[in-house]
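Engineer: Here the protein sequences come in this chain order: A and B.
Just so we're aligned: 78 in the working numbering is position 78 of the first sequence, and the numbers increase by one with no gaps anywhere.
Just so we're aligned: 274 in the working numbering is position 274 of the second sequence, and the numbers increase by one with no gaps anywhere.
There could be a bad hint or two in this list.
What the hints assert, rightly or not - Part of the chain B face toward chain A, derived, beta carbon under 10 Å:
| no. | residue |
| --- | --- |
| 1 | Trp150 |
| 2 | Met151 |
| 3 | Val154 |
| 4 | Phe158 |
| 5 | Val161 |
| 6 | Val166 |
| 7 | Leu185 |
| 8 | Phe187 |
| 9 | Ala188 |
| 10 | Tyr189 |
| 11 | Pro190 |
| 12 | Thr191 |
| 13 | Trp192 |
What the hints assert, rightly or not - Not the full set, but computed from the structure, chain B residues with beta-carbon under 8 Å of chain A:
| no. | residue |
| --- | --- |
| 14 | Pro148 |
| 15 | Ile162 |
| 16 | Phe184 |
For the record, the hints were derived by calculation from the structure and aren't laboratory data.
Using N, Cα and C, we set each Cβ at its ideal position, and we do this for glycine too.
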Amino acid sequence: MALLSKKDANLILDPLADNNPITIQVLGICSALAITAELKASLVMAISVIFVMGVGNVVISLLRNIIPSKIRIIVQLIVVATLVIIVDQVLKAFAYELSKTLAVFVGLIITNCIIMGRFEAFALGNGLWRSFLDGIGNALGYGVILIIVGFFRELLGSGTLFGIPVLGDPIAKTGLYSTGYENNGFMIIPPAALIVVGVIIWVQRSRNRALIEEN
Amino acid sequence: MHIIKHRFRGKKMAPAFNAFHTFLFTPDETTHSGGHVRAVDDLKRTMNTVIMALIPVLIFSFFNTGYQYYAAIDAANGVPRTVDLFGNFLTWENFWLGFTQVMPLVVVSYAVGLIVEFIFAVIKGHEVEEGYLVTGMLVPLIVPVDTPLWMLAVAVVFGVVIGKEVFGGTGMNILNPALTIRAFLFFAYPTWMSGDKVWVHQAVDRAGTPDAISGETILGSLAQNASYDYSVSDMFFGFIPGSVGETSAFLILIGGLFLIFSKIASWRIMLSAVIGALVMGLIFNGVVAQGWIGETSSFYGLMSFEFWKHLIVGGLAFGIVYMATDPVTGSQTNRGKWIYGFFIGFISVMIRVFNPAYPEGVFLAILLMNVFAPTIDHYVIQGNVKRRLKRLKTATILPKTTDGIAQELQAETA
Chain A
1 MALLSKKDAN
11 LILDPLADNN
21 PITIQVLGIC
31 SALAITAELK
41 ASLVMAISVI
51 FVMGVGNVVI
61 SLLRNIIPSK
71 IRIIVQLIVV
81 ATLVIIVDQV
91 LKAFAYELSK
101 TLAVFVGLII
111 TNCIIMGRFE
121 AFALGNGLWR
131 SFLDGIGNAL
141 GYGVILIIVG
151 FFRELLGSGT
161 LFGIPVLGDP
171 IAKTGLYSTG
181 YENNGFMIIP
191 PAALIVVGVI
201 IWVQRSRNRA
211 LIEEN
Chain B
1 MHIIKHRFRG
11 KKMAPAFNAF
21 HTFLFTPDET
31 THSGGHVRAV
41 DDLKRTMNTV
51 IMALIPVLIF
61 SFFNTGYQYY
71 AAIDAANGVP
81 RTVDLFGNFL
91 TWENFWLGFT
101 QVMPLVVVSY
111 AVGLIVEFIF
121 AVIKGHEVEE
131 GYLVTGMLVP
141 LIVPVDTPLW
151 MLAVAVVFGV
161 VIGKEVFGGT
171 GMNILNPALT
181 IRAFLFFAYP
191 TWMSGDKVWV
201 HQAVDRAGTP
211 DAISGETILG
221 SLAQNASYDY
231 SVSDMFFGFI
241 PGSVGETSAF
251 LILIGGLFLI
261 FSKIASWRIM
271 LSAVIGALVM
281 GLIFNGVVAQ
291 GWIGETSSFY
301 GLMSFEFWKH
311 LIVGGLAFGI
321 VYMATDPVTG
331 SQTNRGKWIY
341 GFFIGFISVM
351 IRVFNPAYPE
361 GVFLAILLMN
371 VFAPTIDHYV
381 IQGNVKRRLK
391 RLKTATILPK
401 TTDGIAQELQ
411 AETA
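Start from the sequences and build out the full structure, keeping to the hints where you can.
Structural biologist: Spelled out as C-alpha cells, the structure:
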C-alpha cells in the first residue's frame with residue numbers, strides 16, 4: 001500500500017488480530033455481552049465506536065500539547081461525551097427503533113475502557129494521522145469481534161441474520177425447522193456471549209501460541 | 001487388542017487405542033518412576049462402582065416410562081389406575097416401551113461424550129480418562145424422556161467441552177459436567193425441559209388432539225396450587241412422572257447406601273443435604289402454620305407441602321446421592337462437606353418454592369454450591385490454621401534439655 005507506510009498500516013492491522021482490544025486486552029467486554037444478541041445492533045455499535053474513536057483520537061491528539069496533565073481525564077471525558085451524544089442523536093433521528101434496542105448502551109460508550117485507554121496510551125503522545133489510524137484500528141478490532149459474536153448469537157439463537165429468517169420459519173416449521181431443529185434460547189441471554197468470546201479467545205490462542213500467557 | 005495397541009504405540013492415535021484396551025483389560029504396563037501408590041480403588045473402579053449403583057435406577061426407569069405412558073392414557077380415558085407391582089407395573093409392555101425410549105438417550109450420551117473425549121485425548125496427547133463413564137450414565141437419567149436426541153448431543157458436546165475439557169479434563173472441572181449439560185438444555189430449549197407436558201412419553205405430540213394426555217409432575221401441580229393424586233408410597237417407590245431416572249427415592253436410597261458402604265461417596269454431604277432440605281421445608285411449613293400466607297398466594301401449594309415429602313418427589317434425592325457427592329466438584333474438607341451439603345438441600349427447596357418457573361431447583365443449587373466449594377474449603381482450612389496457631393501460643397514449650405525432644409512433644413500434644 002502506497003497510502004500507508006508499513007508502520008502506519010500496523011496501527012490498523014495489529015488491533016484486528018494479535019493485539020485485539022477484546023480478546024487480548026480484554027477491554028470493552030460489558031457492551032460486547034449486552035448488545036450482541038442481534039447482528040444489526042452489533043454492526044451499529046461497531047460503527048458508532050469507530051466514529052467516536054476515530055474522531056476522538058484526532059481531537060485529543062490535536063489538544064495534546066495544551067491539555068494540563070492534571071485535568072486530562074476530564075477533558076477526555078468531555079470529548080467522548082460530546083461525540084457519544086452526537087451518535088445518540090443521529091440514531092434517534094434516523095434509526096429510532098434501533099436506538100431503542102441499543103438503549104443505554106450507546107450512552108455507555110463513554111465508559112468503554114478501550115476509548116479512554118487509547119486516549120491515554122496513544123493519542124496523548126502521537127501525531128494527528130497516526131492517532132487517527134490507531135483509533136480506527138482499535139475500533140475495528142472491537143467491531144470485528146462484536147460482529148462475529150453477533151453473527152453466531154443471532155443465527156443460533158433466533159435463526160435470523162439482520163432480522164431476516166435464514167433457517168426457515170420456526171412457527172410454520174419450514175426450512176431447517178421441518179427436521180425438528182429448534183432455536184437455542186441459551187444464545188439469546190448474555191452469558192452465551194461470554195462463552196462465545198471465550199471460544200474466540202481459545203481459537204485465536206491455539207492458532208498463535210505466542211499469545212498464551214505464562215503462568 | 002494387545003497387538004493393535006503396540007502397533008500404534010507412539011503414534012498420534014495411540015491414546016484412543018490405549019483407552020479401549022484399558023477399558024477391556026488390565027493394563028500391561030507398570031509405572032517406571034516417581035512414587036507408587038498401590039490401591040485397588042483407582043478411577044476405573046470408582047466409576048464402575050457408581051455405575052453399579054445407577055443400574056437399578058436405570059432398569060426401574062424403563063418400567064416407569066412405560067407405566068406412566070399407559071397410566072396417562074388410561075387417565076385420559078377416565079379409567080383411574082392404581083399401582084400393582086406385578087399386575088401392571090413389571091410388565092413386558094412397560095419395559096419394552098421404556099427400553100426403546102430410554103436406551104437411545106443412553107447410547108447418544110455415551111457415543112457423543114466419548115467421541116469428544118477421544119478427540120481431546122488425541123489432540124492433547126494424553127490418555128482418555130474414565131471421567132465420562134459416570135457422566136454419560138447420569139445425563140440420560142436427568143432429562144425428560146422425550147428429549148430429542150440431537151438436543152442431547154448438542155448439550156453433551158457443550159457440557160464436555162465447556163464444562164470439563166477447557167479446564168483441563170477429568171478432575172480439573174469446576175462444575176459437574178452432567179449438571180452443566182442439564183443446565184444448558186434447560187436454558188437453551190426450555191419448552192422441552194419444563195412445563196406440564198414433557199414428563200410423560202408422547203404427551204407433547206398429543207397435546208391439542210383428542211388423544212391428549214397429562215404429563216404433569218407433582219411439583220408442577222403444586223406450583224399451580226392444584227392437587228395431585230399420588231400416595232406417599234407412590235412417591236417413595238417412584239411410580240410418578242418425572243425425569244427418566246429421578247423418580248424412585250427407594251432405589252436411590254439403596255444406591256446411596258451402597259455408595260456409602262463402598263466409601264465412594266461422602267455420607268457427610270448426603271446427610272447434611274437431607275438436613276438442609278428438611279430445615280428449609282420446616283421453615284416454609286412454619287410460615288403456613290403461622291397464617292402469614294393465604295391460600296390464594298401462588299406459593300401456598302408448595303409451601304404447605306409437608307417438609308419431608310420434598311425428599312421423595314422431584315430430583316432432590318437423585319441430586320443429593322449422585323451429583324452433590326461428586327468428589328471433584330464438591331468440598332474436600334470434612335467440615336466443608338457439612339456446609340456444602342447443607343446449603344444444597346436448603347437452596348434446592350428454596351428455589352422450588354419461590355420460583356415457579358424453575359419447579360426443579362436441585363441442579364441450580366448444586367451448580368451454585370460447586371462454585372462455592374473451593375471458597376468453603378479455603379475458610380475451613382484457614383479456620384484450622386488459626387486454631388492451631390492459637391493452641392501453639394497457649395502451649396508451654398519447655399527448654400531443650402538432654403531429654404528435651406520428648407518434653408517438647410508432650411507440650412505440643414497436650
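Engineer: Tell me the numbers of any earlier hints that the structure contravenes, in ascending order.
Structural biologist: none
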